[in-house]
Amino acid sequence: MKAVLLRLACLLMMAGWGAGARAADVVPHRVNVVLDWFLNADHAALLAAQYSGSFARHGLEVHLIAPADPGAAPRMVAAGQADLAVSYQTQLGMLSEQGIPLVRVGTLIDTPLNALIAAGDIHSLADLKGKAIGISLAGADDAVLGTMLSTAGVAMSDIHQVNVNFQLEQALMSHSVDAVMGAVRTYELIDLKLKGMSVTAFYPEEHGVPLNDELVFLAARDHIRDPWVRAFMAALEEGTNTLLNHPDDILSHAIADHPELDTPLNRAAWTQTLPRVAKQPALLNARRYRAFTAFLHAHGVISHEAALETYAVDPFSLTP
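For the sequence shown, the positions run -23 to -1, 1 to 297 when mature numbering (1 follows the signal peptide of the UniProt record, and there is no 0) is used.
If you're looking for bench data, these hints aren't it; they were derived computationally from the structure. Bear in mind that the values here come from a model prediction, so they are computed numbers and not experimental data. A portion of the hints provided could be inaccurate.
Said to hold, decoys possible - With a cut-off of at most 27 Å between alpha-carbon atoms, the simulated DSSO-like pairs for lysine-lysine come out as follows:
no., residue 1, residue 2
1, K170, K108
2, K108, K172
3, K170, K106
Using the sequences plus the hints, can you model the full thing?
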């Protein structure tokens, strides 16, 4: 471990990374980022930007905050208690419709991670007819589940929905349900397999659901033109490049700081998450965002399709 960390330190020094690369008289701008969940592999690019000194080079002092409530991040930013929230593209339309003044300013994970995971002898979506399916959140999950099932000729009335809150994995392992919607393919799916369960995963984007970004950064609408937003995204892009070039070194550093990450599950999740990290975090795929918003509207999750610029921007496209 010490040898690995020494190697990482040498890499950082050779590249001129770290706080030493910042002019001594520059006061860093503090940015509080509330995560979507506890610290995990999804946040690898943030850790890489921290460890590589990218945030410091761009004049930022970034603090990562794990919330007690997974749904708290957007509310905290809206209330002025934090600067950025890590949240979900699937929630954007609903936040906009509720009049919550938050805007997507970047992407952390740019592919879907949620999945429909079934246990036992269920090997096709058609096999779910008459089965119990656990869900955590109504709304977007209902639209996704209904669309997936419809591709196999199964209606929502053909299955039994069970609200299991956020205990998706536990519900499946206890056989309370036959399948769960909304579990993460780079976390719960791996964990279930490590625990010896026979499971089959079905992916929304392969069954009629438009592609979407899994994790995005939300900022208060009044701050989307602030210089620190662009600085944050530029630093994150640099950190992501470091992560892709030195994933093992960044993981070793993360484990040294957060020993709870040193498990077979987290190591496997780290490897499987790397290809899904957004390479250009600020970049906005307008066509894809509009298509997913239209999907939510068509399924009654939101009542109207708001103009894209009201809920998602590329901060580099904005005039200061």
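Point to revise | Restraint check for K108 with K172, where alpha carbons must lie at most 27 Å apart | key: With a Cα-Cα distance of about 23 Å, the restraint between K108 and K172 holds, given a limit of 27 Å.
**Study point:** Hinted pair K170 and K108, Cα distance within 27 Å
**Key:** holds, 21 Å
Point to revise | Pairwise hint evaluation, K106 against K170, where the allowed Cα distance is 27 Å at most | key: holds, 24 Å
Checked against the numbered hints given earlier, this structure breaks none of them.
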